[in-house]
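> Modelling step: build the complete structure from the supplied sequences, incorporating the hints.
Taken in sequence, the protein lines are chains A and B.
To convert, note that position 85 of the first sequence is 85 in the working numbering; the numbers rise steadily by one, no gaps.
To convert, note that position 22 of the second sequence is 134 in the working numbering; the numbers rise steadily by one, no gaps.
So these bits of chain B aren't anywhere near chain A, every CB distance computed over 12 Å:
no.	residue
1	G128
2	S130
3	E164
4	K167
5	D177
6	S185
7	L186
8	T190
9	S195
For each label pair, taking beta carbons as the anchor points, the in silico distance ranges come out as:
no.	chain 1	residue 1	chain 2	residue 2	range
10	B	E164	A	G52	29 to 35 Å
11	B	T194	A	D67	43 to 49 Å
12	B	K178	A	V44	26 to 32 Å
13	B	S117	A	A68	34 to 40 Å
14	B	S130	A	V55	44 to 50 Å
15	B	P221	A	T20	26 to 32 Å
16	B	P198	A	Q14	37 to 43 Å
17	A	Q14	B	T129	45 to 51 Å
18	A	K56	B	T194	40 to 46 Å
Taking lysine-lysine and the DSS-like style, the derived pairs with C-alpha atoms no more than 27 Å apart in a straight line are:
no.	chain 1	residue 1	chain 2	residue 2
19	B	K153	A	K59
20	A	K70	B	K153
21	B	K126	B	K176
22	B	K132	B	K176
23	A	K57	A	K70
24	B	K178	B	K153
Just so you know, the hints here were simulated from the structure itself, not pulled from any lab data.
Note that the Cβ used here is the ideal one computed from N, Cα and C, for glycine as well.
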Amino acid sequence: TQLLEQSPQFLSIQEGENLTVYCNSSSVFSSLQWYRQEPGEGPVLLVTVVTGGEVKKLKRLTFQFGDARKDSSLHITAAQTGDTGLYLCAGRLSGGSYIPTFGRGTSLIVHP
Amino acid sequence: GAVVSQHPSWVICKSGTSVKIECRSLDFQATTMFWYRQFPKQSLMLMATSNEGSKATYEQGVEKDKFLINHASLTLSTLTVTSAHPEDSSFYICSVGGGLAGDTQYFGPGTRLTVL
Numbered sequence: 001t002q003l004l005e006q007s008p009q010f011l012s013i014q015e016g017e018n019l020t021v022y023c024n025s026s027s028v029f030s031s032l033q034w035y036r037q038e039p040g041e042g043p044v045l046l047v048t049v050v051t052g053g054e055v056k057k058l059k060r061l062t063f064q065f066g067d068a069r070k071d072s073s074l075h076i077t078a079a080q081t082g083d084t085g086l087y088l089c090a091g092r093l094s095g096g097s098y099i100p101t102f103g104r105g106t107s108l109i110v111h112p
Numbered sequence: 113g114a115v116v117s118q119h120p121s122w123v124i125c126k127s128g129t130s131v132k133i134e135c136r137s138l139d140f141q142a143t144t145m146f147w148y149r150q151f152p153k154q155s156l157m158l159m160a161t162s163n164e165g166s167k168a169t170y171e172q173g174v175e176k177d178k179f180l181i182n183h184a185s186l187t188l189s190t191l192t193v194t195s196a197h198p199e200d201s202s203f204y205i206c207s208v209g210g211g212l213a214g215d216t217q218y219f220g221p222g223t224r225l226t227v228l
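If you want it as structure tokens, here you go:
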């Protein structure tokens, strides 16, 4: 059973389009991270959200943590080819020991 | 954030040989390091949690005698794939986290292992 369900698994869009990636769980997380990974490299942290309802922006990327801290979303506005990569959400379960939990990832391809 | 390096970045070996992968935390004293395995276009699969000065904690289904982990110092953890077989071919990534890093993980660049 996957604690963090990410959707969609694959996304292929044209440059300039908007997209949203979702990360859902039935469990409560004390914090949640979003990473981006390019082929042949390790994941790079994009953002950490810790407060229910929190919204963070990173240029064209908007991250939201659900009010109940069970879900999160990543919205990209006007996607660019440089946004291509694997997007991973990960979180720390509330009240649990620090064992990282990762979603399955969303593979995004942005075509020129 | 922490800077993490891995060596080698890629390795090709013959079936039956052992391969050692190093993970170094360059600017962060890491009491805990994590080892992951990743197949193409898939997410990370946690293999084990490496604790400095003590035995690693392995995830269910990961053979501890096959994947030997040593975390002898606060800046170095090693993963040795013993008697490697073609099915061990994968992308191996380490990370540091916890402590001063909080819930964030800082990843190494990964090591591509190909077993012929």
